[in-house]
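Asker: Take these sequences, add in the hints, and give me the full structure.
Protein chains in written order, with the working numbering: chain X, 1 to 483; chain F, 1 to 424.
FYI, nobody ran anything at the bench for these hints, they're computed from the structure. Here a beta-carbon is modelled for each residue, glycine too, at the ideal position from N, C-alpha and C. Treat the hints loosely; a few may be bogus.
Claimed, not checked - Footprint (simulated), chain X over chain F, 3 or more residues, beta carbon under 8 angstroms:
id: 1; stretch: 88-101
id: 2; stretch: 129-141
id: 3; stretch: 152-163
id: 4; stretch: 220-230
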Amino acid sequence: MYDVIVIGAGVTGCAVARELSRYKANVCVLEKCEDVCEGTSKANSAIVHAGFDAAQGSLMAKLNVRGNEMMDKLCEDLDIPFKRNGSMVVCIHKEALEGLKDLYDRGVANGVKDMKILSREEALEMEPNLSDNVQGALYAPTGGIICPFKLTIAMAENANMNGVEFRFNTKVEDITKNDDGTWKIRTNNGEYLTRYIVNAAGVYADKIHNMVSEKKAHIIERRGDYCLLDKEAGTHVTHTIFPQPTKLGKGVLVSPTVHGNLIVGPTAVDIEDKEGTNTTAEGIADLQAKANDHVKNLPLRKVITSFAGLRAHLEQHDFVIEEVADAPCFIDCLGIESPGLSSSPAIGEMVGNMLKEKMNLENKDNWISKRKDILDPSKLSIEERNELIKKNPAYGNIICRCESISEGEILDAIHRPLGARSLDGVKRRTRAGMGRCQAGFCSPRTMEILNRELGLSYEEITKSGGRSNIVLERTKNQKGEQA
Amino acid sequence: MISYDIVIVGGGPAGLAAAISARKAGVDKILILERDKELGGILNQCIHNGFGLHTFKEELTGPEYAQRFITQVLDEKIEYKLHTMVMDISSDRIVTAMSREDGMYQIKAGAVILAMGCRERPRGALNIPGYRPAGIFSAGTAQRLVNMEGYMPGREVVILGSGDIGLIMARRMTLEGAKVKVVAELMPYSGGLKRNIVQCLDDFGIPLKLSHTVVDIEGKEHLSAVTIAEVDKNMKPIPGTEERYTCDTLLLSCGLIPENELSRNAGVEMSPVTSGPVVNESLETNIPGVFACGNVLHVHDLVDYVSEEATRAGANAAKFVKGEMAENSDKVIDIVATDGARYTVPSTINVERMDDLLTVRFRVGAVYKNSYVSVYFDDERVMHNKKRIMAPGEMEQVILQKEKLKEKSGLKKITIRIEAEDAN
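Answerer: Structural data, given as structure tokens:
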């Protein structure tokens, strides 16, 4: 019997898990995929919003601003990169300039600090590649950029270090109430009993909610296509550049990433498909056209990959974080769309506090708040690096040439808590395969390491779990040799 | 800091030939740095034959061709380091390298020869819409998995792009029992050699669809199907021409990109057309003493030409370190590629420094039938050679004579253009 089971190991579930790991409680996270960060958390703008966009008085506004405030300390504790590069909302139509003032006022009401309205000249001085049509901009210095993989993985690892269990490849099929008021969760991987459930299932959160409640929820999958550009284009803008927001969202942004690439996206198309993460030609064309409206000379020839993510959109466009009225001991996190990543630390805190109160949870005496990220040898001097290689020669063996990732880093990624088991698992933890050749060079080499370290046969190695196997079988020749 | 006369970055066909040539020119301390576990570079995974027809007048496999050079490197006792990644080259020719055994270290190089080769354009750079499942490989990655690791990616294959590696892999996968359903090529012509189209596709009944591209990729976890469509003149898919192919493997052979991260960081000037360094008649970059050859300079069609070019780079680097190279004066002749010729290597000539004969290589931008390669010295046409066919997949060359260039004093510009029959 668990005290709490969290359904979903995205950024929300992992933030909740980390908060719960502070307390004396048996906590387990169930995840249908083979790793953390496999849904919405892996395909988004990778930014920390300042908080001026969400409607005044909404939970979204409150948690965005709080999450933003928490981010420095959290990222320091988790040893992951976070940069407050500042964001700018760019106005390109004179008649829309008033809209900037509205945003500014909303931001002030939401508690966003240090915002400023910039003239055309001030905006261009800060960002010379803004469109020639720029009329003015709202500047929010608290906006930032972050690595969504590292944030999610780090929170999960830290939770795991503190005793939270994770069950991967475990898909919730049904939830029923036992006579004693506890929950029984049926999965493809056995049954789980728990006192409390936290529903952090992202685009599937409506399905999970509807297993226990008569008041049905409906999540609309809002798809967004993105393009990621080569590091050569990474300084085309230095702030996160938004157009003025519309009903469908905050529009197509152009932003540096914390790793030095440039990200352009997302589009916003409502679909009815929880797995519909396919990009479309129209989507890519649309976002490229829109990005060009507010940023000029975008080097779109330097795209190294495109992808699509789904936002878990609710009709009322606000987060719903509450105990379900007709299902006591079941906490929903519904509608965690943008700014979900920015809000995640605050969502974790909120759910943690709710459960602490309801369950009378006590603090652990030995809670570990910090975690060390995978060592980045590129930050070392030649002497330090040599010391490292002497101790562990794997750090002298470069596996991913584009991002200069060594075997040592990959071994660390595999063998740390909740370690990588697939090519994507290695990629999201180390960036091996995330550069401009997109794993063409390193994937056979990474496969060799996974084979050796985890005892997985080549045929068993996957891109990202499930049936995403890389190779099918041995060649004729090799089969002959083995026979 | 340790020092060498010449440091060669890359132990593939270009690096090997450059090393041998520099040694033959009398350079003592030469070091080849190779990141893989053996010398030979990409040739090691090219187990098909067809290499060496020009160089050795016989048909060799890739590893056999490489071995001819490796043997010479060993005979000449040229030093090399394997498992070694070059991390940085500075503009004053300090090479920073790293390996398990030696850690990270710096080498002062009298001359540097860039011979890093090229890489394949990945799916992401092609903006192909659809899902991002397992089962999509650049053709060279699949070639490595099949030929070196001994694993088959799948059984039902679609290939996008008709570059040579894609064509070779169409045959290879077929011989391994896979069904290659179609090769789709965006352009109205193939990017590969004619002989590969005949020997790798036609002989196996594999259809090549020109002016076609992939417009959708299906499969959430593993590839299950792709849709290809015909494209119009602007390369936009034509609605109604879509054809769906079930498959578990999509190979991409959509172009090669010279691998010049190190060169760029060193401050080497790049050509936007070739994505390789801009070089003079000595295959020297804008940084004195830094030379380039092979696919890092411009993507070649035949390895024989890589070896030939690298031999020149090695000889020139030797001249440089021995102080035998004429001073680079400002009397430089520009070579301009125009009217169908896309670029030239080299792109400038200092007559004082050129050999008696200088091969200038280039590629054309479209298919030309019964056309002429014309060379102009300033405004005077000095060469007008008829070619039955020229295609972007094959390199072209003209050979310039030092004597002729000397005769024409005050020559500022050499122009290479493709002309129709009636032009004069």
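Asker: What are the numbers of the hints that this structure violates, sorted from low to high?
Answerer: none
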